[in-house]
Each structure stands twice: as structure tokens, then as C-alpha cells.
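Chemist: Listed below, chain by chain, are the residues.
Protein chains: 4
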Amino acid sequence: MSQQDPDSLVRSDNPDHPANLIPSLCAKFWTLGWVTGTGGGCSIRDDDLVYIAPSGVQKELMKPSDIYVLSLAAQTDPHLRQRSYLRSPPAYKPSQCTPLFLAAFTRRRAGCCIHTHSHWAVLVTLLLERSGSSLFEINNLEQIKGFGRGPARPGNLGYHDTLRIPVIENTPHEEDLTEFLEDAMESYPDTYAVLVRRHGVYVWGDNVHKAKTQCESLDYLFQLAVEMTKLGLPWISEVTPVGPQR
Amino acid sequence: MSQQDPDSLVRSDNPDHPANLIPSLCAKFWTLGWVTGTGGGCSIRDDDLVYIAPSGVQKELMKPSDIYVLSLAAQTDPHLRQRSYLRSPPAYKPSQCTPLFLAAFTRRRAGCCIHTHSHWAVLVTLLLERSGSSLFEINNLEQIKGFGRGPARPGNLGYHDTLRIPVIENTPHEEDLTEFLEDAMESYPDTYAVLVRRHGVYVWGDNVHKAKTQCESLDYLFQLAVEMTKLGLPWISEVTPVGPQR
Amino acid sequence: MSQQDPDSLVRSDNPDHPANLIPSLCAKFWTLGWVTGTGGGCSIRDDDLVYIAPSGVQKELMKPSDIYVLSLAAQTDPHLRQRSYLRSPPAYKPSQCTPLFLAAFTRRRAGCCIHTHSHWAVLVTLLLERSGSSLFEINNLEQIKGFGRGPARPGNLGYHDTLRIPVIENTPHEEDLTEFLEDAMESYPDTYAVLVRRHGVYVWGDNVHKAKTQCESLDYLFQLAVEMTKLGLPWISEVTPVGPQR
Amino acid sequence: MSQQDPDSLVRSDNPDHPANLIPSLCAKFWTLGWVTGTGGGCSIRDDDLVYIAPSGVQKELMKPSDIYVLSLAAQTDPHLRQRSYLRSPPAYKPSQCTPLFLAAFTRRRAGCCIHTHSHWAVLVTLLLERSGSSLFEINNLEQIKGFGRGPARPGNLGYHDTLRIPVIENTPHEEDLTEFLEDAMESYPDTYAVLVRRHGVYVWGDNVHKAKTQCESLDYLFQLAVEMTKLGLPWISEVTPVGPQR
Chain A
1 MSQQDPDSLV RSDNPDHPAN LIPSLCAKFW TLGWVTGTGG GCSIRDDDLV YIAPSGVQKE
61 LMKPSDIYVL SLAAQTDPHL RQRSYLRSPP AYKPSQCTPL FLAAFTRRRA GCCIHTHSHW
121 AVLVTLLLER SGSSLFEINN LEQIKGFGRG PARPGNLGYH DTLRIPVIEN TPHEEDLTEF
181 LEDAMESYPD TYAVLVRRHG VYVWGDNVHK AKTQCESLDY LFQLAVEMTK LGLPWISEVT
241 PVGPQR
Chain B
1 MSQQDPDSLV RSDNPDHPAN LIPSLCAKFW TLGWVTGTGG GCSIRDDDLV YIAPSGVQKE
61 LMKPSDIYVL SLAAQTDPHL RQRSYLRSPP AYKPSQCTPL FLAAFTRRRA GCCIHTHSHW
121 AVLVTLLLER SGSSLFEINN LEQIKGFGRG PARPGNLGYH DTLRIPVIEN TPHEEDLTEF
181 LEDAMESYPD TYAVLVRRHG VYVWGDNVHK AKTQCESLDY LFQLAVEMTK LGLPWISEVT
241 PVGPQR
Chain C
1 MSQQDPDSLV RSDNPDHPAN LIPSLCAKFW TLGWVTGTGG GCSIRDDDLV YIAPSGVQKE
61 LMKPSDIYVL SLAAQTDPHL RQRSYLRSPP AYKPSQCTPL FLAAFTRRRA GCCIHTHSHW
121 AVLVTLLLER SGSSLFEINN LEQIKGFGRG PARPGNLGYH DTLRIPVIEN TPHEEDLTEF
181 LEDAMESYPD TYAVLVRRHG VYVWGDNVHK AKTQCESLDY LFQLAVEMTK LGLPWISEVT
241 PVGPQR
Chain D
1 MSQQDPDSLV RSDNPDHPAN LIPSLCAKFW TLGWVTGTGG GCSIRDDDLV YIAPSGVQKE
61 LMKPSDIYVL SLAAQTDPHL RQRSYLRSPP AYKPSQCTPL FLAAFTRRRA GCCIHTHSHW
121 AVLVTLLLER SGSSLFEINN LEQIKGFGRG PARPGNLGYH DTLRIPVIEN TPHEEDLTEF
181 LEDAMESYPD TYAVLVRRHG VYVWGDNVHK AKTQCESLDY LFQLAVEMTK LGLPWISEVT
241 PVGPQR
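Chains as they are written, first to last, in the UniProt record's numbering: chain A, 1 to 246; chain B, 1 to 246; chain C, 1 to 246; chain D, 1 to 246.
Fair warning: there could be bad hints in the mix.
Intra- or inter-copy, both count: the list cannot distinguish identical chains.
[To be verified] Keeping only pairs whose Cα atoms sit at most 35 Å apart, straight-line, the calculated DSBU-like set for lysine-lysine is: (1) K63 <-> K230; (2) K210 <-> K63; (3) K230 <-> K93; (4) K28 <-> K230; (5) K28 <-> K63; (6) K210 <-> K93; (7) K230 <-> K210; (8) K210 <-> K28; (9) K28 <-> K93.
I should point out that these hints are in silico values taken from the structure, not numbers from a laboratory.
All of these numbers come straight from a predicted model, not from anything done at the bench.
This is chain A alone, in the form it adopts within the complex:
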């Protein structure tokens, strides 16, 4: 890529190129109610290059030319408010989620990070707040198998395992969440997601496929958990194992 034409970073005929994939994913997320009213977002890392949607864009209308690109290695201080971009769109501002996405890329070597404002995520944090809790726990549900055990552990969670997602408190400025997100990553080294109280959820994965499917599975479980509460059913249960235990 030539420095003379930074726009070549976001120009490709390949629908799986990050600059094409972010808009198509965000359009899909909009129909799911995850990125309503310009909320939420998505970032993809391709080796050292990080592609990020801008701030304040209507997520179902985003175009490849709206995407920011930066070098991960060049972010000596990822909390830096003033950041240099390899490529910037003409009419937007950088997303306040940038340092949070970078945390997933630097601390977890994630290839993709998704941030949603899903109603179900927010309602789960409110229900946990009422019981004074900062940890979402659920078990004995098939969809739990949709999550990896953790970066250092092979394979996925099992049906009887308890999925645990930490909750951090929201801050007035989104970038100020970064240190709390990083603390949660440190306290929960196996988690692929962090809930933000009264705000939403950050979910990441080794690649786009894993980030998206983990985000879908988690939203499915959040919705199930809220419906379970409406029906008076507990999130944690004792179930007698059935079938061969390997």
C-alpha cells in the first residue's frame, strides 16, 4: 500500500475485506436492534491493521469509505486521546469505543470486537444491579457451548459449565471504560465478553466468525435470561447429568 493513497486501505472487491465486512455486519446488527440510533459498533483487526467504524454514523447506512484505519503497533499508549490514523474518513470523528476495541486487540490478540446496546444485555445488567451483583452467571443451557473456554484453554465450554460474564459500571465518557474493561479482562482471563452496566456489552473473538457467533450466542442467552426472570425461573440450576460423561 502506498502512503500516497490511504484510501486504498478501504477499497477492495472482496466482501470479506474488513472495510466491506464492517458495514455489512453493522447493517445486520441494526436489524437485530444491537446498534440502534448510532449506538454500538464493530472493529476488525487484520494483523497490525485495525479497522474501526466512525462515531455517530447510522450503522445500517455505513460505507467502506467511512472506515478509520490505524496501526496497532504504533499505538504506544492505547488510552491516548489524540491518535494518529493511517486513513481517516473526511466527515466523521473517531469512535469513543476505539480504546476499548484496542484493549481486546492488544490484551487478547482478538481479531474482531463487537459492541452492542442490545436491550437484553442492558436488562441483564439492571437485574444484576438489583441483586447487588457484578457477574452474570448461567448454566445448563445448550447455547453455552457457543463460547470458547478461554484464550489459554482449548475447546469450548460444556453444557454443564457455568458461563460467567463480568459487569463493569458505566462511565460518563465511553473511553473512560477502558481501564475498567482491562481490569475485568485481568480478573476474568477466560472471558470473551464484558457487560457494561446500563449500557451494553463488548464481545470479542479470535476472528470475525468467532466474535460474531459468540456475540449472537450471548445475546440469545441474555434474552433467555430476561424471559426466565419474567417466568420466575432461575439462571443457575442443578441438573443431574445424563448420558456418558467423557
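Fit chains B, C and D to the supplied structure of chain A, relying on the hints for placement.
Modeler: Positioned in the frame of chain A, the structure of chains B, C and D alone reads:
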């Protein structure tokens, strides 16, 4: 534009031309359940020209040729029932929402106004009616940041701010809402929306982008509020601030 | 049209031709959850010709060539089980809804009749059953204006009017509903819809536009009514009129 | 078909060819929330050939080239973990659902089997678990007519019949469900579906049409059942028959 051909006012190859944008927005709003059964609507102002969907049209089937166009300056009395149009569609009647849209354009210099019959908006007004209230208030939710502080105040609301949307009572004839809407605009000079009891909501913004994203954020909060009530969670809460307070 | 080619009755380039419109409407209704699992249906009358979807077809996959056509005048006994068709599709059976659609066409001169299995319609009949009622009543909601006052009365219902939809009991065989539907039409001469207990709703209108928009408005109100019950809000209320009463 | 080119098994211009139909069905199921996060799946049998979606694929993005094909006759032991395929996609692993799909094909001569993780199915199993039950029963609802009486009995269930769907307990490994699924098929020789506790549902039919429409009808009834529970309405009722009883 030539007075010989008023239809040229609604003919354009540009998908962002108001005569094209109103139909595409309304089709999207139909899928969201905002404009069911010809209810609701949308109007866009481009400088002095006001584009309005007609009455009684199926919102997901609207065409550019269905749009009314009028001059804002020529509306000496915006409450006037008999109004002159620069361009009228052959087979429709003007929308009863017209004077309400004009109120947003004249009193707030809005560039776009959206009216929905969203279930969530109606349910919120019913819940408030039960508690004898004419003011929707909610705080400590990230999506509140989706609203501007007001026409005379720079920037958007903060996470800890309370979003306040006034509720006016419904009238048998929609145009009779106009004076109550204007009163609410005067009493709440910073609001970008007014709820109508047992009816829906009017939301506006400086331009189409702001009107639409504020309308989405508000509908998101109305849905959240209804779900919170089902779960016994209050709309207003005390939250201890976290992170640097700037 | 030549008797040599009955298929010409369902062949047209006009998207608004009944044989094209029934499939496109049914596909839309499928996305709304109204015609799940081949349930529900839609029929259009064009003067003497009646177009009906067949039995057992997946509603989102229907094609113009699947449509039955019959002459209304030739139905001397609309309850007749053996009926002669001007045109029949090769691989289907006639819909059991046929005599019910014909009732709307002969008794009300309707131009279109829609039958849905909407969850909201069914839940409303179950809630009414619990209170021993065979009449859905709701008032003081804007969407009520989406209904005509009745075939013999000009204009639409007003905001303060009470919308009344009779409920008939379900029968094991759908065609046996016909006499009960006709009785309800007689007892409620102004209604454009009849609910069927534990089954769904029939909605008609003078033309496709009116049948569809009345069906949408009614489904909107059924959903609202169910949500109101969940929230402990009554369907009938006293509201002090506001604004000029004309 | 030549053994030199197994890929010809999944290459066809016919949209109804199983290799094309599985992806288009799965994309539709994704929008219904049935196959979120790579969960769930679908298999079609064409005479001796069985077409199966792979494990871990995003269901709305599946392509014909992702499909496995195997010979039903060659599966001497359908529980076999090591299975030979006539055609395998290059980048995937076989689905853990394979022996469950095969059970429907061998034991019921089904032509299609669908597996969903629908929230409604899971919630129904949780509600039944609370009352210590392993059998979903519901009656007096029109949509029950969407089910056949059973492989050995002609026609469909009637309105007053009770639909019964057995529930089996979930196992840590999906293939270990097979013997429990087969036991349930034996205990309920007329059923076209088996619920899996805290997991989802398997639904089959003589062909794709019947499997899909039975799956839709069942999901409709599960959703209705959950809503009925929220509203305090029982799933089983006494209803006095109306109309001629044939």
C-alpha cells in the same frame, strides 16, 4: 424550478432527495412497527420547501409521486385548514399531521420531523397516565447520550442526565394537537420530542440524520422502560458516578 | 378471457392484479407471523371474479399459478362443499376458508378478506374467554381511527369511540364457521372483522387497501391489548375529552 | 454421478435441490432466531442420499459447497462416530446432529429434519421442568391442525385433539442424545417432534414441506404457550364442542 411543472419538485435521481428519502424512510419505519395501518408519518424541510407524505397511504408502499410540497414562508397561519401546496399528488388528501410538522419547522427550525404510533411510546403514556404524570423521565442509561441538550445548548445529554419528554393529551382531530404541541415546546424548550397520550410520539431534529437517530434512541428507551416496568425496575435511579468527572 | 385458457385468469404483468397481489401480500403477512405453517390466507374479489389461495401452501412461497378463481354469481349456495372453479391449480386443494371469504364478499360486498392466525388475536380471545366474554372492546386509542364506521355509515371511527369486534367459537372444521361468521355479521352490522376463539381473525374491507390497513390496525390493537393486560392496564377507559369537539 | 467428482452431488441449478435448499432454509431460520450462533441445523434426505449442513457454520451464510452428503444405506451403525461421506466440504467438520437426523430418516422414513434452538422451545422445556414433566401437551388451538396424526395414521390432528411432544433430557455431547431420541420415538410412535430440555427441538416430516410447516406450527404453539403462562392461561382446557361433529 418552473411553475409549469410542479412534479419536478418530487423528481430526482438522488436517493437523498426528500421526495425519495421520505418513502425509503417510511418503508423502514413500517418494518419497525412505527407506521402500521397508514398511521404515523414523516416530513422533511429543505430550506423553505417542506415535503410531506399524504394522508392514508400505506407507508411501506409510498412513492415519490405521492408527496406534497409546500413553501414554509407562505404559511402565514400554519394552523390554517385550507393550505396552498406547490405540488399535490393526484389521488390523496393532505396529512392531518401537517400543522404539527410545521410547528417543528417554524418553532424549532427542524429539518425533519417523524411521527410514530410505536407500541412502546403508547404503552409509556399509559403507564404514566396510571401514575397521573405528563412527563416521561429516565436516567442513567447510555442511550440517553443519543439526544442533543437542546437547540440553544451545544452537545448531547450525558449518561447521568435525566431525559425528559413531555406528554400531551390526545384530541379527536389530529390537527387540534398543534396548540398543545406548541405549548409543550414552549414549556420544554430543550426537548426534541413530545409524546401524545394513547397515540404515539413526535420527534424532530436539525436534519434527517438527527431526527431519525433521536427517534430510534427514544423508541429504544421506551421499549426498555416498558420492559423495566414488567421486571419491577424503576425508570429513575441513583447511581454513584464512576470514572473521571469532567 | 377465453374458456380455452383458464390460466390466463392468473397471468398478468400488473403487480396489482389479484393473482400477483395475493402472493406478495401473503409473503408480507408471513414475515408478520400472521400465516405461519400454511395457516391463514387471503382472498381478493374483482367484480364477479374471486381469487383464492389454495389450502396447505407455504404462504411466503406462493405463486400466481397456485391461485383458484371462481365466479361469485355462480355460487348459488356459498356453503356448498362441492364448488365449480373457473380456474384451478394443478397440485392443490381448495382452501377451507373459501365459504368464509365468500361470506364477506356476498354479505358485505367486500373487495378483499384476510384471515390471520396472529398470536395477538388468539391471545385476546383467550383473555376474553377467561372473563366469559365474546366481544373485544377497546377505546381511547388513536389507532381506532383506522376503522370505518360501517358499510352504511360514512367516515371512520373517532378516537373516543369504542371499537367492538365479536368473537365466535371455533369449530373442528373451518367451513363450519361460516354460519357463525354470518350470524356475527348480522349481529354486528358495522364490524369489519370477526375474531375466532383459539384460532385467529377474519378482517375484510371494500378493497385490498382497506382490508390490509384495517387488518394491520387491528393486529396493532390486539398486541397493545395483550401488553396492556401484562402491565395491568384496562382496555376500556374513561378519558376526559380535550380540544374542540366537532 | 461419477465417483471422480463428488462435488457434483452439491451442484445444481435447481433451487429445490437439497444442496441449495438447505442454505436457503437455514438463512430463513436464522431470521426467525432458530439457528443463532451456529446452533441448530437442517438435513434433507433424497431417497438414499442424505444432505447435512456442517458443524459450526454461520447458518445465514451457508453455501451449497459447505454441505456433506452420505448414503443412508451405507450407515450400518448410525451411531458410528467415524462415518464415511460421499462428499465432504474442505473446511468443516461433520455436525454433531448427524446421528439424530439419521434416526429420523431410518426410524421414520422422514425426508427432512430440522433442529432449532428457538427460545420458545427452550422456555417450554424449562416450564415443564419446574412442574416435573417430560411431556408438552396443548389442545383446543387451531394451529394444532398443522400436524399429521402419525406415520401410520391418515390425516392431521383435529382442533380438539391434544398435541403431545415428549421432552428428553439434554446430554453434554449432542450425539449422545440419539438413543434418548430413539426411545422417545418408540414411546410416542405418532410424534413428529422431540423437545430437548434446555436445548431446543427436533422436528421432522415426510418431506421438506411437511418438516418446515410442522416446525413453524410447533414454534408458533411454543411461543403461544409461553405467552399464555405469562398471562396465567392454562395450556390444556375444556372446550364445549361447537358445530357439526363429523
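Chemist: Each hint should be assessed against the structure and marked as holding or not.
Modeler: Hints versus structure:
| no. | hint | verdict |
| --- | --- | --- |
| 1 | K63 <-> K230 | neither (40 Å within a copy, 38 Å between copies) |
| 2 | K210 <-> K63 | both (23 Å within a copy, 18 Å between copies) |
| 3 | K230 <-> K93 | neither (40 Å within a copy, 38 Å between copies) |
| 4 | K28 <-> K230 | both (28 Å within a copy, 28 Å between copies) |
| 5 | K28 <-> K63 | both (14 Å within a copy, 18 Å between copies) |
| 6 | K210 <-> K93 | both (28 Å within a copy, 16 Å between copies) |
| 7 | K230 <-> K210 | both (30 Å within a copy, 33 Å between copies) |
| 8 | K210 <-> K28 | both (16 Å within a copy, 21 Å between copies) |
| 9 | K28 <-> K93 | both (23 Å within a copy, 26 Å between copies) |
Taken one by one, the earlier hints fail for this structure at numbers 1 and 3, listed in ascending order.
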